[in-house]
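These are the residues of each chain, in order.
Protein chains: 2
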Amino acid sequence: MKKVLDFVQRFDLLPRYELLLAAASGGMDSMCLLDFLYENGYRVCAAHYNHQLRGQEADMDEDLVRAWCAARRIPLCVGTGDVAAYAGENGLTIEEAARKLRYDFLNSVAGQTGAARIVTAHHANDNAETVLFHLARGTGMAGLAGIAPKNGRLVRPFLCLTREELAAYAKEHHVPYRTDATNADTALTRNFIRAEVLPKLCRVNAQAVEHIGETALRLRQEDEYLDSLAAAYLTELKMEAGAVTLPCAAVTQVPAVLRSRVLRLALDALGAGKKDFTAAHYDALAALCAGSGTAQLDLPGGVTARRADGVLTLCAHRRETPERVLLRAGETVRWGGFAITCRKCEKTVENSENTVILRGAALDAPLSVGAWDVRESMTLPVSRGSRSLKRLFAERGFSPDEREQTPVIRSGGAVAAVYGIGTDALFLPTDGESVCVLTFEKTAE
Amino acid sequence: MKKVLDFVQRFDLLPRYELLLAAASGGMDSMCLLDFLYENGYRVCAAHYNHQLRGQEADMDEDLVRAWCAARRIPLCVGTGDVAAYAGENGLTIEEAARKLRYDFLNSVAGQTGAARIVTAHHANDNAETVLFHLARGTGMAGLAGIAPKNGRLVRPFLCLTREELAAYAKEHHVPYRTDATNADTALTRNFIRAEVLPKLCRVNAQAVEHIGETALRLRQEDEYLDSLAAAYLTELKMEAGAVTLPCAAVTQVPAVLRSRVLRLALDALGAGKKDFTAAHYDALAALCAGSGTAQLDLPGGVTARRADGVLTLCAHRRETPERVLLRAGETVRWGGFAITCRKCEKTVENSENTVILRGAALDAPLSVGAWDVRESMTLPVSRGSRSLKRLFAERGFSPDEREQTPVIRSGGAVAAVYGIGTDALFLPTDGESVCVLTFEKTAE
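Going down the list, the sequences are from chains V and Y.
Heads up, the first sequence is in numbering that gives the first Met the number 0, so the first residue is 0 and it goes up one at a time.
Heads up, the second sequence is in numbering that gives the first Met the number 0, so the first residue is 0 and it goes up one at a time.
Some hints could be false.
Identical copies carry no separate label here, and so any pair may be met within one copy or between two of them.
Taking lysine-lysine pairs in the DSS-like style, the calculated list, with each CA pair at most 30 Å apart, reads [stated by the list, open to error]:
#1 LYS237 x LYS99
#2 LYS343 x LYS170
#3 LYS99 x LYS346
#4 LYS2 x LYS273
#5 LYS199 x LYS346
#6 LYS237 x LYS343
#7 LYS1 x LYS441
#8 LYS199 x LYS273
#9 LYS389 x LYS2
#10 LYS170 x LYS346
#11 LYS2 x LYS441
#12 LYS2 x LYS237
#13 LYS170 x LYS273
#14 LYS149 x LYS99
#15 LYS343 x LYS99
#16 LYS346 x LYS273
#17 LYS1 x LYS237
#18 LYS237 x LYS273
#19 LYS149 x LYS2
#20 LYS199 x LYS343
By construction, these hints were calculated from the structure, which means they are not laboratory data.
Let the sequences and hints guide you as you build the complete structure.
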């Protein structure tokens, strides 16, 4: 495995004499990783996360990792969580939820054990799949740069190997492993790319996987370099509570090709999310900086940009919390940024993003819309118990401003639904029952 | 077509009141282009190249373009050439040969008519296919930047449209066009990507074509910007006949991420090709600059790099032309960079890159290997007549040094074969005849 050792050295991935935490699923990739680290004399401990998604199969994966580690006296931490429930509660796909819980677990184990690095077994095929996924979804250089060999304490020494090379390693070194049957499920995007897209590209060029991996590494360096050039324009950036300021000249004097990177870094300093920001928003921000006099611009995520006296001020704007309003069948009310229409229907209507459907009985008590209260909880249908709104908002990554502006529907004193989060299990309509349909229309503020 | 007009304006593609030359194949894309240019009041002439590859079909394409242009009094130039023969003579695929001859024709027509721009109908799907092709083959940013909206006087106003959008345009505007049956032949790489890879990626994301196109445009700008940063390190580059010099410090002081771009630009100034240069060559060149004292390095394409007194000198090295040497059956001789073994066999041997096979009768006269002579010609089997070695070398893009170092095999006074070019029709073995096999092994110089 000279190839891996060279790669490890090139990116300084695995410091000798430091404790390394290997993520071990029991699959081929991670078992090869354990074997590689162990056989090359690294100080290693392992962590296995049981996603509880595949019943007995998952337990057999865990058993394999346990046995292998025990035989070599490698310390192992096993964690578990209800991925399906977590996905349901947080509006995530199973894959997203599993990833989040797994990395949370790895970080917590690394903290407990004092491991210097978390090592995962991602390889060149994973990288090529990621690049193709980003390419299809639309991305800049950062997306085409694929998987990072090193991201903080997270390292991937196998990124230089193809799946075929790993399989050869497993065979040569008699590495035991288990195959995850769900990998064949092409309904999952990543599996679809693995099974249907990448093999086709390999018919265009047999070395496509390696080539994409090398390209990604080169792009990563160039992307980071461009970011470092952009950062040099932020020397006059100032931070205050909830706001950052920057001379407009710092933006207008940036080469056009770096402008959106400079603005992105300023927004990062503010703590604003990337979500919903498009090229058009960066263009509008740049145009704001280029103008004269005083002007203002509303941006996604409750961010306001303001130009005054040649200074750009970016604010994570807190809007006033709207007062509670009663909802009545057949009426439309305004609440915050929404016009909310309440109807009573005799049969179930198709659910959509802008609709909340409650059992008709919700209208028997006073039905209202208002802002959240930090003491309130709700029980989502797929969840195992009640969760505080605070936790639900936090898991969704809602900013403080977004929390205040999210409609909470109450029937009597109880939370019936939270817009964008879900409906409480008690208020879900059952077949044959009349329903209460709330339609949310976003209004100009 | 506001989208196209916006795109045209953004990249300054189609200057009003200048004559534009539209490339017109008779297919949907180019007929839409003609229609678009004509209907939007551009000053336009057209050029059609008949590749003579599809017999009557090709003539019907030509007839369509002729009729359409005649009806609108649009000047049309029609050209033709034997693509198959050209491909055979130059070791090109049919696609490469067709492309080369077509663009040569377009350039010549543009020169004759005084057209300011040559306009082709490349669209977003073509761009996505190009990006995927480069991604599979291995490429840096320049390859992922896909098709340029503007490259010198060549412009592509339709790059912002998908094939579907073009089809909708054709339908709405009743644009007549003909379908090229060879587009369905997935043995051709581009057709395979079009039919098998891109549709799969569109299942990952329905907007994949647009997203790849937008990413390519952004990468193009970033790539050009990085090149401009690299060029700034070349202020002390000096050019002499066959050599460029640069202080080594100019290379060592460059940020690592720009280093190979700086070296590439210096090699471009020398007129050295990109062919055969890999990351390892740039690394070796950078290491040469970083060393002390005097040292030398041989690079692909006959380029020599030399460090002395802190100055890097890149030379397009002309080696001495080797003397003519006799070849005898059963013997190995050295000539230039080759060890050449001559054998006589009773049956035909499999041809390979390093073999030249002649009819056994070639050994009846003195058989020799030597350098080319500017007055000599040969007749390649697929060609329609004899061509000068000068022309054959030129078409292959051989540098002056490569020409001098290419083995020319002569039987008696006649050229029997040129290594890497082909065997003269008169010296091709026929079935049942004994053959003369020459094996070429590259030696260290």
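So, going through the hints one by one against the coordinates:
In this assembly of identical chains, the alpha carbons of LYS237 and LYS99 never lie at most 30 Å apart, being 33 Å within a copy and 56 Å across copies at closest. Taking the shortest Cα distances, LYS343 and LYS170 never come within 30 Å of each other, neither inside one copy (65 Å) nor across copies (46 Å). In this assembly of identical chains, LYS99 and LYS346 lie within 30 Å of each other by CA distance neither inside one copy nor across copies; the values are 38 Å within and 67 Å between. Proximity of LYS2 to LYS273 under the C-alpha cut-off of 30 Å is restricted to the inter-copy arrangement: shortest distance 27 Å between copies versus 36 Å within a copy.
In this homomeric assembly, LYS199 and LYS346 never come within 30 Å of each other (Cα to Cα): the closest approach is 48 Å inside a single copy and 40 Å across copies. Taking CA atoms no more than 30 Å apart as the test, LYS237 paired with LYS343 passes in neither setting, with 52 Å inside one copy and 83 Å between copies. In the homo-oligomer, the alpha carbons of LYS1 and LYS441 lie at most 30 Å apart only across protomers (29 Å), although the nearest pairing inside one protomer, at 58 Å, exceeds that limit. When the C-alpha separation of LYS199 and LYS273 is checked against a cutoff of 30 Å, the pair qualifies only between copies, where the shortest distance is 28 Å, while the shortest distance within a copy is 33 Å.
Within a single copy, LYS389 and LYS2 get their C-alpha atoms no closer than 48 Å, and across copies no closer than 45 Å, so neither meets the 30 Å cut-off. Within a single copy, LYS170 and LYS346 get their C-alpha atoms no closer than 60 Å, and across copies no closer than 43 Å, so neither meets the 30 Å cut-off. Only between protomers do LYS2 and LYS441 lie at most 30 Å apart by alpha-carbon distance; the minimum there is 28 Å, versus 55 Å within a single protomer. For the identical chains of this complex, LYS2 and LYS237 are neighbours neither inside a copy (45 Å) nor across copies (40 Å), given an alpha-carbon limit of 30 Å.
For the homomeric pair LYS170 and LYS273, neither the shortest alpha-carbon distance inside one copy (43 Å) nor that between copies (40 Å) is at most 30 Å. Taking identical chains as interchangeable, the C-alpha atoms of LYS149 and LYS99 lie at most 30 Å apart only when both belong to the same chain, with a minimum of 18 Å there against 44 Å between chains. With identical chains, the CA atoms of LYS343 and LYS99 are never at most 30 Å apart, being 39 Å at best within one copy and 70 Å at best between copies. Taking the closest pair of Cα atoms, LYS346 and LYS273 never come within 30 Å of each other, the shortest separation being 40 Å inside a single copy and 70 Å across copies.
Proximity of LYS1 to LYS237 under the C-alpha cut-off of 30 Å is found in neither arrangement, the shortest distances being 48 Å within a copy and 42 Å between copies. For a Cα distance limit of 30 Å, the shortest separation of LYS237 from LYS273 inside one copy, 20 Å, qualifies, whereas the shortest one across copies, 46 Å, does not. In this homomeric assembly, LYS149 and LYS2 come within 30 Å of each other (Cα to Cα) only inside a single copy, at 17 Å, whereas the closest approach across copies is 41 Å. Taking the closest pair of Cα atoms, LYS199 and LYS343 never come within 30 Å of each other, the shortest separation being 53 Å inside a single copy and 44 Å across copies.
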